[in-house]
Amino acid sequence: MDRRSMLTRVFKPHPSSQGVSKYTNAVLRTQDNKEVRFYDDLIKGKQCVINLMYAECHGACPLVTTVLKRTYRDLKDRMGKDLFFYSISVKPQDDTPAALKHYAQMRTADLPGWYFLTGDPYDIETIRYRLFNMGHIGVDIDFAMHSGTFRIINDATNYWGHAQSFASQKNIMKRIAWADPWKSYAEWTVESRARQVLINQDIKKYGYRRNV
Amino acid sequence: MPGKKGKHREGAGQKKKSDNTVSRRTVLKMGAAAGAVSVLAPNIITSRKALASIMQGGPVPPPLVQCVSGAASPSHTPFVDDLPVPFPAIDHPLQPKPTKAANQGAGEWDRDDHQRWTQFTPAKITSELEARPGLHRFHSNFGESYIWGFNGVYPGPMILNKYGKSTIVRFRNSLPPNGDNTFGHPEITIHLHNGHHGSESDGFAGDFFPSGFWKDNLYPNVYAGIDAFGGNPGGDGVGDPREKMGTFWYHDHRAEKTLNNNVMGLNGMFIVYDSTDPGHEHPSNGSLRLPGLYGVTDIPLILTQKRFCALDAQGRNEMVNAAGGDKFIVNGKIQPKMTVRNRKYRFRVLSTGPTTAQWDLRLIGPTGNVETIVVIATDANFLEHPVPVDASPANRLNSNSIVGETIQVEGALRVNVAERYDFIIDFGNFPVNSKLYLTEATSQNVNPGNVNPPGLPPGLNIGNVVMRFDVVQRENWFPVDTPAIPATLCTYPPICTPDTTFQWNFTRDPAGSNPRFFRINNRVFDADLPQHCVIKGTCEEWLINNNTPNADGPTNWAHPVHIHFEEFRILKRFAIINGLFQEVTVTPLSRGRKDVTKVEPGEAALIRMNFRDYIGKYLIHCHNMGHEDAFMMVAWHIVPDAAAKAACDALIVQGNKEFEAKLRNEEVA
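These protein sequence lines map, in sequence, to chains X and R. The working numbering numbers the first residue of the first sequence as 1 and each following residue consecutively. The working numbering numbers the first residue of the second sequence as 213 and each following residue consecutively.
Do not take every clue at face value.
[To be verified] Derived PhoX-like pairs (lysine-lysine); straight-line CA-CA distance at most 25 Å:
1. X:K34 <-> X:K101
2. R:K869 <-> X:K174
3. X:K69 <-> R:K377
4. X:K205 <-> X:K170
5. R:K869 <-> R:K784
6. X:K170 <-> R:K869
Hints listed in this document are in silico derivations from the structure and should not be mistaken for laboratory results.
Turn these sequences into a full structure, and let the hints guide you.
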């Protein structure tokens, strides 16, 4: 199992990232039955969007996968390069890599930079708790909780955010952008000036900055 | 001075003294440093030089490691430090000059043009607050801690303003662009809670700006009702003077990171005076003559809780990067003491959260009894009549430490996150040299086992003590006591007649297979989509409802709900008592004008509110900053007219369509 071969780029974590102690370095398997380390191979120095699902789920999971597919399309240029999607199975006892492969293919979601992950139930439970716990036992013991929430992490900037699958697409894109790598002053300036043009258009039309 | 250079140390302005007295010379000096503002506090800036070094800025070494300890904080000795008082911001001309449109050529962030610009400029007062790292010593037993603060200090500088004098505060972001080694995120948007001003100056959560940029917020310091009332001959500017507010605070409101940045220290207080509450105690036209010398007899109490790591190799006790904590902090000091003269004092208490912590404050006298505090203002607004709170049969029902109809802590003043209460304590009622204690219902970690120091009144545990007051005889030079508190403090405008009604449902766990999180009206925070559109100049009746059905039982959580823009009045409260959802008493402290109201699980509040003078994006959210960052925030817009409302409503419809398409598992375009 050459788990390093998946990644060629060097990703540098933020100096204050808690790394393995926060995210764990559990060995997981992808839909292609490759072994990966959760922190070292998937999180370290990268920007990623993580959600929970299981293959036989007929509630929110397919909807969430659809939303992620749509998001993938918008961010295609970055996917697999500096941005990754991880869908983690919360029923690892049922979801073999093959089952996840089937799930991904069935939904045409078997795409580069998007990994469906399964592993030891204890590890998965730990990861679920580390990523999605709300510090409340009633919420945290129920594995179905947070199935519609994306955890957005950028280990290079130590960003920790979230988006919700049922929010508008613009909102999801924005929340992923909020976790982008540090930008330079020049990049920010370009962004801010472009937005000011839109704001001025809004003011002209509606009297105030409406949805810029 | 605690340090060598005095830079970035809040202690730089704090000469350690054996007692809390102010010499006449110091008073004169301070008057010189702060211009015309009354700043006679014993613990604030003592020289121009110290002030200059604080204002200068400079690199602060970042923490060695991210501090994430879950262990108890190191022990401290109670009542060592004097209560500091945040020093006032010093106003000065801004360079470049403020402009109506965003001055992007000079590094200002994008924004709407300032509304009512010609009416309220040139601003009488301009000042600059720079968000930057600093070092702060929370207790003399501790090393310094790395913080983010305005002008590098915690709590941020106090802004003292006057009605009728508009002000521009330039917020400059000089936080480390990579966030240093910390929990904070170096993008900020500053909300003045609860100012009446344009949306571009309101610190809307989605409009944050990164390090290296700045933004001007225009605070006109006017009463609401500018359009209807126009000028006021009283000299307090325009608007309806019955809409007077006093105690504001400013804090970072960055979406998803409000909690982090407030834990780091990005908040401060903001006071606006007018002729009824002029900031001095002399008889003057219209003055209520309340204790009112800022820093002398008018003292802010900015409360928070923090946890600290053990001393590290840099000689620092870093703050733990998490909400909550096991040390009670007042104005940036752990368990301080304050020397008070035997006369009346006004305190402005604020809970900066950041999370569920509610403060059940009681004043414990030398004999262990619960003594009276007289509440004169709730949030920023005077009550019509002062309300005494203590545990006596006559006053116990004045306590707002109440769920449904049950008082939880007898005689307590409950301060929820972001609420402000102004209260008066008359220390003249106590013998000279006695000691009084401000206490909280829960306990902090003072030392292992919380061993009481000698001299505490019977029944009091040191863990519960927030701070101590040491009563001394008033010296000749100290201001004489003010007259009795007036029986009537103000007259409220009549509660408005609603043009329409709306309901906000606060939910944690909607039924069915939908994803579950903190939401309002089933939606999460979206910076671009409003959930409600209001036409400027109308009045609305809103139900703030925390009694929504849940799939897994009555597991709602309590939410201190905050509405931006104008103050509201609570008409009715509802709660579940004996399994029945029914109307309950509105406590005397909730009958005033408010901008935060806590709805306990199963409760609801019916409020009315005006939307006057300005347009733009505003927010309703839970002020538990953990909930707020976890989506419990919704934007609503004030629009200029019916046509704009139609356009605004179309946005809501578009958002709903997309939401429903997602529910049907359709790909949105």
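Run the distance test for K869 (chain R) versus K174 (chain X): straight-line Cα separation, threshold 25 Å. 19 Å, holds
Is K205 (chain X) close enough to K170 (chain X), meaning Cα to Cα at most 25 Å? 21 Å, holds
Need the status of pair K869 (chain R), K784 (chain R): alpha-carbon distance at most 25 Å? This hinted pair is violated, its Cα atoms lying about 34 Å apart.
Is the Cα-Cα distance between K34 (chain X) and K101 (chain X) 25 Å or less? Holds. K34 (chain X) to K101 (chain X) sits at ~12 Å (cutoff 25 Å).
Just to be careful, I want the Cα atoms of K69 (chain X) and K377 (chain R) compared with a cutoff of 25 Å; is the pair within it? 54 Å, violated
Going straight from one Cα to the other, do K170 (chain X) and K869 (chain R) come out at no more than 25 Å? 14 Å, holds
In terms of the numbered hints stated before, the structure departs from hints 3 and 5, listed from lowest to highest.
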